[in-house]
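K.L.:
Sequence:
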Amino acid sequence: VLIPRPETEILVDLIVKRLQKVSLEKASLWDICTGSGAIGLALKKTFPLLDVTLSDSSSKALAVAKKNGKKHALDVSYLKGDLLQPFAGKKARFIVANPPYLSQNAYANSSLGLKKEPKEALIGGEMGWEIYAQFAQDLPGYLEPQGAVFFEIGYDQGESVPALFHSPCWVKKEILQDWSGQPRFFFLERE
211 VLIPRPETEI LVDLIVKRLQ KVSLEKASLW DICTGSGAIG LALKKTFPLL
261 DVTLSDSSSK ALAVAKKNGK KHALDVSYLK GDLLQPFAGK KARFIVANPP
311 YLSQNAYANS SLGLKKEPKE ALIGGEMGWE IYAQFAQDLP GYLEPQGAVF
361 FEIGYDQGES VPALFHSPCW VKKEILQDWS GQPRFFFLER E
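Quick note: the sequence shown uses the working numbering, first residue 211, plus one each step.
Below 20 Å or equal to it, Euclidean Cα-Cα: the simulated PhoX-like pairs (lysine-lysine) are:
(1) K270 to K326
(2) K281 to K255
(3) K280 to K290
(4) K255 to K280
(5) K236 to K255
(6) K270 to K329
(7) K277 to K290
(8) K300 to K236
(9) K270 to K325
(10) K227 to K383
Across the chosen pairs, the derived CB separations fall in these ranges:
(11) P355 to K329: 32 to 42 Å
(12) K270 to E384: 28 to 38 Å
(13) R215 to E384: 16 to 26 Å
(14) P355 to K281: 33 to 43 Å
Derived by calculation from the structure, the hints in this document are not laboratory data. In this text, all values refer to a predicted model and were calculated from it rather than measured experimentally. Every residue, glycine too, gets a C-beta built ideally from N, C-alpha and C.
Assemble the whole structure, with the sequences as input and the hints as a guide.
P.N.:
Here it is in structure tokens:
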């Protein structure tokens with residue numbers, strides 16, 4: 211799994227501020243590409259009534275997430291599968307994902323420190339945004355009305371990723387910046 215970065219901490223903080231403003235009664239949240247579980251577990255700890263499910267395509271990543279969930283005595287569910295596949299036939303009110311988003315070229319030119327982490331947790335395809343393209347196609351069928359999606363994106367994807375989400379079902383699309391002023395988070399709300 212990736213070592214959580216400050217950007218992930220910012221993402222959790224931004225989501226907490228949004229969720230504090232709405233009723234979470236019977237609300238479900240899916241943390242897709244969960245890795246260590248840091249996002250979903252932090253949100254469950256902050257909002258105990260939230261029904262949280264963590265998913266990942268990696269059995270090893272899910273084992274780490276389960277260990278972290280147990281360490282903090284958090285009652286969450288775990289599913290193995292690729293992106294939305296383990297949620298077939300279900301809908302969530304909130305979906306959060308910090309998927310692999312580096313392009314092949316960005317990974318090749320990255321620091322040696324980054325290359326010590328699992329490659330499959332970093333590379334999002336040739337261009338880096340391919341996983342978001344899959345989400346853009348599939349998400350409307352998995353999100354409840356007035357549901358919200360929270361993504362972490364690459365600092366250079368502030369235009370390319372939002373452009374993928376052109377369905378009229380999205381009533382709000384918002385790019386937010388990290389502490390260095392880079393576009394790093396993309397939030398969506400459904401009609």
